[in-house]
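Colleague: Dock chain B against chain A, hints included.
Chain by chain, the residues run as shown.
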Amino acid sequence: MEIFPQLIVNSLISTALYALIALPFGLLYNTNKFFDLSFGGVAIVAGYSVFYFAGVAQMPVIVAVLIAMAVAIGVALACYRGIYLPLRKRKAKNLVLLIATLGVSIVIEAVLAMLFTSRFQDPSRYLGEVKTFSVLGGTFTALHAWLFVGVIVIALLLYWFLSRTKFGKAVKAVADDEEVARTIGIPTRKVILLVVAIAAAIGALAGIASGFDTGLLPTLGLRLLLKGIIAAIIGGSNTVFGPLAGAAILGFAENMGIAVIPGEWKDAIAFGLLILFLIFRPKGLFKG
Amino acid sequence: MDFAYLTHILILVSIFGMLALSLNMLVGFTGLLSLAHAAFFGVGAYTIAIMLGMYHGNFFLALLLASVFAVVISTAIGLVFSRFRDDYYALATLGFNVILASFLLNAESITRGPLGIPGIPRPELFGISFGSNSSFLVLAFIFFLATYFCMKYIARTSFGRVLKAVREDEEALKVFGYRTHSYKLVIFSISAVIATVAGGLFASYISYVDPSTFTVNDSIFMLSMVIVGGLGSVRGSVLGAIILVIIPELLRFVGFSPDMAAQMRALFYGAVLVLLMMYRPQGLIGEYKL
Chain A
1 MEIFPQLIVN SLISTALYAL IALPFGLLYN TNKFFDLSFG GVAIVAGYSV FYFAGVAQMP
61 VIVAVLIAMA VAIGVALACY RGIYLPLRKR KAKNLVLLIA TLGVSIVIEA VLAMLFTSRF
121 QDPSRYLGEV KTFSVLGGTF TALHAWLFVG VIVIALLLYW FLSRTKFGKA VKAVADDEEV
181 ARTIGIPTRK VILLVVAIAA AIGALAGIAS GFDTGLLPTL GLRLLLKGII AAIIGGSNTV
241 FGPLAGAAIL GFAENMGIAV IPGEWKDAIA FGLLILFLIF RPKGLFKG
Chain B
1001 MDFAYLTHIL ILVSIFGMLA LSLNMLVGFT GLLSLAHAAF FGVGAYTIAI MLGMYHGNFF
1061 LALLLASVFA VVISTAIGLV FSRFRDDYYA LATLGFNVIL ASFLLNAESI TRGPLGIPGI
1121 PRPELFGISF GSNSSFLVLA FIFFLATYFC MKYIARTSFG RVLKAVREDE EALKVFGYRT
1181 HSYKLVIFSI SAVIATVAGG LFASYISYVD PSTFTVNDSI FMLSMVIVGG LGSVRGSVLG
1241 AIILVIIPEL LRFVGFSPDM AAQMRALFYG AVLVLLMMYR PQGLIGEYKL
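Going down the list, the protein sequences come from chains A and B. In terms of our numbering, the first sequence opens at residue 1 and continues consecutively. In terms of our numbering, the second sequence opens at residue 1001 and continues consecutively.
Chain A on its own, in the form it takes in the complex (with noise of 0.2 Å):
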């Protein structure tokens, strides 16, 4: 087998993507309890503010990345306060939520479509010059060997973060139970909006590397989002290492299928498995 040690590497490049994901979904959902559909829009905002400020403005990209995590961080929180915060307040259904994402999610789409058109946007070409390494005969480039170690980075942070700090144990118990949490004196709504800022900022960077990865389509937020949700409820969003577990599950399954059958069928393979750990496990595999 010639491919084996590329589709490895395939995988784990899909892996690093989808925790990077996977990981700020999870940490929303279990401290709002509900799912922010929104969240792959935010995510695909960064993406093509990279591509505007690195481009357009012809600023350094790393002056681009940073801008676009702000954008990202204030369009949630923007979201947050001015739509989900009131709604939450209403002790509205989750399902009204999730139609208020949903919502969200289909106006930054078209407000990107609208902006930058619907069509393929790459903004990899203001990355200059990007080397290519080979290791075993599995290929892969600089930008993924940064995806791959950003990850590890954030997802070590963001457990350091939640449970060695008293901020970590606040968001903790605000996932427990909101109304406790500020019975005992936690500012929880201060908690939250510092989660959402950052999962914001989180996901921004899986948004600025997909565009640099594979290029740039509004829609592309909401699939990649679809694929952290797989991840995190495959996993199990409690815990940091639950979403990296199935984002490296369902990394793995995709691109191993494709030795199977065709690479066209991914995202039917990821929401097939969905469905099955729906069906057996709808608590994740580590259920924390």
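Honestly, the hints are just simulated from the structure, not real lab data. No residue lacks a Cβ here, since even glycine has one placed at the ideal position from N, Cα and C. Warning: the hint list may mix true and false statements.
As the list claims (entries may be wrong) - Cβ-to-Cβ under 10 Å is the rule here; a few derived chain A residues that face chain B:
#, residue
1, 35
2, 86
3, 94
4, 98
5, 117
6, 118
7, 121
8, 217
9, 226
10, 229
11, 278
Modeller: Chain B only, in chain A's frame:
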């Protein structure tokens, strides 16, 4: 506005009205947020396209075949999905829609993939052709009326009342000995069959199908028709379909390019979904608040 154009709009309203009504049976009556409606719409459209466009079969026989497909598929996935609730149900149905859209796009030997299937003829029955738009409108409108009264009827029967009870409190209903799973399964199948028939009409009217009309986004669009009109309201679904069919046409009149008009439509219904959820979760004339 000339007569031919009005006919075109009314045909679209009839087809999308059927979709809104049938989806409302699920979302509004039973409280099941299905994001798989475009998938069944696609099953109908593609069955007609293949049977008529490729094999020159009869429209009504093909429609019957499509309905059989719809019952088989909806029963198979309904058996699994009926155990999910709320957001997990939404996610699972969304997953099914993605898988079906992926099938339409990739099973090129059956569906011709992204090329789509052109040249789908209009229906014919006992020598009567529905080739002209006005005669096709009559046919579409008959199907629409049948759906409308079917839904009105279901709402009045004890079956319909059980569905509403599932929506309000499934656990309590189970305690009283109702097999709620069977009720959910039946309404899922009815709704799927109507969506399939609507898909068949659509394919025959447009005379061309491709996978881009049956994606998750189209399911979301159908959901917004139901929500705009009002959950659980029969008239509401009709109103929702009328509003969401006419708005992009108005945008075209104002002079936006088709692509821009499509984005404006998306922007509009996305924003409407958000605003309704915030200020009027029961929709314009709905009876049931999510």
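Colleague: Compare the structure with each hint and give your call.
Modeller: Verification of the hints:
1. The closest approach between the C-beta of residue 35 (chain A) and any C-beta of chain B is roughly 5 Å, which is under the 10 Å cut-off, so the hint is satisfied.
2. Using the Cβ-Cβ criterion of 10 Å, the hint placing residue 86 (chain A) at the interface with chain B is satisfied: the shortest such distance is roughly 6 Å.
3. Here the hint on residue 94 (chain A) is kept, as its CB sits about 5 Å from the closest CB of chain B, short of 10 Å.
4. At about 5 Å, the closest approach between the beta carbon of residue 98 (chain A) and any beta carbon in chain B falls short of 10 Å, and the interface hint on this residue holds.
5. With its C-beta approaching chain B no nearer than about 8 Å, residue 117 (chain A) sits inside the 10 Å limit, and its interface hint holds.
6. Taking 10 Å as the C-beta contact cut-off toward chain B, the hint placing residue 118 (chain A) at the interface holds, the least distance being around 7 Å.
7. Taking 10 Å as the C-beta contact cut-off toward chain B, the hint placing residue 121 (chain A) at the interface is violated, the least distance being around 15 Å.
8. For residue 217 (chain A), the suggested interface contact is broken, since its CB lies about 13 Å from the closest CB of chain B, more than 10 Å.
9. Interface hint status for residue 226 (chain A): upheld, as the beta-carbon distance to the closest one in chain B is roughly 7 Å, under 10 Å.
10. Evaluation of the residue 229 (chain A) hint against chain B yields a held restraint, the C-beta minimum of about 7 Å falling below 10 Å.
11. For residue 278 (chain A), the suggested interface contact is upheld, since its CB lies about 6 Å from the closest CB of chain B, less than 10 Å.
The structure fails to meet hints 7, 8 from the earlier list, while all remaining hints are met.
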